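Got chain L; can you put chain C on it based on the hints?
These protein sequences, in sequence, are chains L and C. Heads up, the first sequence is in the working numbering, so the first residue is 73 and it goes up one at a time. Heads up, the second sequence is in the working numbering, so the first residue is 73 and it goes up one at a time.
Be a bit skeptical, because a hint or two may be false.
Claimed, not checked - Just some of the chain C residues that point at chain L, by a computed CB distance under 10 Å:
#: 1; residue: 83
#: 2; residue: 182
#: 3; residue: 186
#: 4; residue: 206
Claimed, not checked - Residues from chain C shown here face chain L by an in silico Cβ test under 10 Å; the list is partial:
#: 5; residue: 137
#: 6; residue: 170
#: 7; residue: 188
#: 8; residue: 300
#: 9; residue: 326
It is worth saying that the hints were derived from the structure and are not from the lab. All values derive from a computational prediction rather than experimental measurement. C-beta atoms are modelled at their ideal positions from N, C-alpha and C, and glycine is treated no differently.
If you want the building blocks of each chain, they are given just below.
2 protein chains.
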Amino acid sequence: MTDLIASLRDEARMAPESGIVEVVSFGRERADLIPLWVGEGDLPTPEFIARAASASLARGETFYTHQRGIPVLRQALADYHLHQFGKDWGAERYFVTGSGMQAIQIAVRLVAGNGDEVVYPSPAWPNLPAALEIAGARAIPVPLTFADDGWTLDADRLIAAVTPRTRAIYLNSPSNPTGWTADRDTLQALLGEARRRGLWIIADEVYSRFVRGGLERAPSFIDIAEPDERILYVNTFSKNWAMTGWRVGWLSAPPEIGQVVENLIQYSTSGVAEFMQHAAHAALTDGEAFLAEQVRRADLGLEIVTTALGTTARARFAVPRGAFYLFFGIEGEADSRALAKRIVSETGVGLAPGIAFGAEGEGFLRLCFARSPTDLHAAAARLRDWIAR
Amino acid sequence: MTDLIASLRDEARMAPESGIVEVVSFGRERADLIPLWVGEGDLPTPEFIARAASASLARGETFYTHQRGIPVLRQALADYHLHQFGKDWGAERYFVTGSGMQAIQIAVRLVAGNGDEVVYPSPAWPNLPAALEIAGARAIPVPLTFADDGWTLDADRLIAAVTPRTRAIYLNSPSNPTGWTADRDTLQALLGEARRRGLWIIADEVYSRFVRGGLERAPSFIDIAEPDERILYVNTFSKNWAMTGWRVGWLSAPPEIGQVVENLIQYSTSGVAEFMQHAAHAALTDGEAFLAEQVRRADLGLEIVTTALGTTARARFAVPRGAFYLFFGIEGEADSRALAKRIVSETGVGLAPGIAFGAEGEGFLRLCFARSPTDLHAAAARLRDWIAR
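Chain L on its own, in the form it takes in the complex (with noise of 0.2 Å):
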């Protein structure tokens, strides 16, 4: 280590480089490349979302705004959630952010910070840990358990690992990678006891629409919770459409708190552009029927895939119940980093090492299925010729 980095804070400095983009970096350049390693699809944001986010710039809407999100946003997360959950919460509950991840920053930063613990179920998605480690708390993994009939949260091994200094669990359903989705009853057995530990609960529902047959959404906090509890809600307009590079999430949170989390976005990125939220607003209006078929391509992209890697009897996986991930293992294969680089320098098949969502995913690699049939086809018969080659 040279000086200069030694000289940094300790958190920074031991911030973990991602686990992905390791092997992206390695494979990148290959011939051929289907890359099925970063989580997002290969359909860029739909045109009219699109559209107004320019047509707001040729307004001249390039000033400062409201640090909150601007009110016509803010409402029509309102009128989201008011249909998909059949509860109206108001629109003050909802802050606009820079990012799912800067809604998952903010979050950290209202409730942990130095010497406190955060407890969560791994595999998870590596950026909370690290979030959480940066704010100088301690990220808690507690692992799901992997058999043929898919992943398991043991709820009372979760609540055992919490102690005096534990300020939140973090959970995220459906789970990415593993898919996971947690039902009503651990739902409420979390809900529960953070209630009798007066802990707060970050939920992570970024992939609630993507869920296996023919439901709308996966179970949520808010079906069993009160508008004005212990709960961050962190999403992100990335997933359902297509928006992954517009950098816009939301954050909902009791209205109570909300000059605490204006004043935390103030002092991080002060807000997101105006554009940037008609976009967003759009999306929400009127981007059911895009969001539909991005379910439905992702419901055969799983299907292509599953077919293909059950003719192998060397792959281990059950069917993801949520998100858009196949998180799989090869028997035989125990260590991911190694196995994703000879795959992609072998298959050209871009897939993300299992290590990279902490411990727990060691010997797994995750395949993101929100991509195009064909692309998937041809993934899935270099995957199975090479396995069992």
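Using the frame of chain L, we list chain C on its own:
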């Protein structure tokens, strides 16, 4: 304080509400309002910049992109700095951020956390001390001194405020709100001290191009420093190119710490939209004529305001050497918050209270003169008459 607020992290709930916003909220509905309270001009972003974003959107550039910024923009930043400073420090040191504010947030996270101290001249932009305190660090103000010939910094006094806990010196020059602009000797003294003590410098040179007297730019640490020193330069597209609402800025740092910077970007907002970056690129490559016009307009604005206020013996101010604010007092008026509210109520001129910039700003008001001559003539006349009433 309610239970819900009490259950938040101390540093979050104690983050101050902006003292500027408080007065804006109080006075924004006033008829005939001339708003000179926030730090933005009245011109929308030039059309050629907005068009670059719309064109990128139309090309479907809506996917995840480089966390450090797209290569073409990083190279344009290198070219811009080469042109401004005559130093070719390469593209690898530039990191595109989601606002200048976020560049500051990342700089803070790089060098100062729990219990660390950062010294800075005050009055100062309040978001800096707030960002420090939210991170658990202590912001240590060192007073600038006001006299008839302007604000001055006693560099020895700033150096004397350094303790074993000090990790960095934050220097905003030209300064918001005072217009104080460091000369080369002062920069040299501070850099020398930082070198001796192993401190970082956070150099906020956002207003570097807004200087009086036909200079092209203010003195900068870039003039006297090496590229691999412990200096983090924070900057923004907001002021130079009328892009306040966009939230795009940059951080310039030694390339050696690039991976750490990238990780902090990844775990806060995960980068800036590609289409925004093409707009920023257009600003850098084709924006000099617009910027020159903005500077000319600010010079004229300053003259309008100081000419009018100079006719009353009660206004206390010196002509600022940089930035686009007049920071002035009115004899016999000590409470700037009450004063700003009275003035907006009685004249419709919106000013920011000096206390919003720290205790050292009490008794002053900040007037932004990056505005049309018509508005400034009207505002200055109303202020002159009110003061002389």
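Going through the hints against the structure:
1. 83: The hint holds - residue 83 of chain C has a Cβ within 10 Å of chain L, the shortest such distance being about 6 Å.
2. 182: At 5 Å from the nearest chain L Cβ, residue 182 of chain C passes the 10 Å test, so the hint holds.
3. 186: holds (5 Å)
4. 206: This interface hint holds because 6 Å falls under the 10 Å limit.
5. 137: This interface hint holds because 6 Å falls under the 10 Å limit.
6. 170: holds (5 Å)
7. 188: holds (8 Å)
8. 300: Hint on residue 300 of chain C: holds, closest Cβ of chain L at ~7 Å, below 10 Å.
9. 326: The hint holds - residue 326 of chain C has a Cβ within 10 Å of chain L, the shortest such distance being about 6 Å.
Checked against the numbered hints above, the structure violates none of them.
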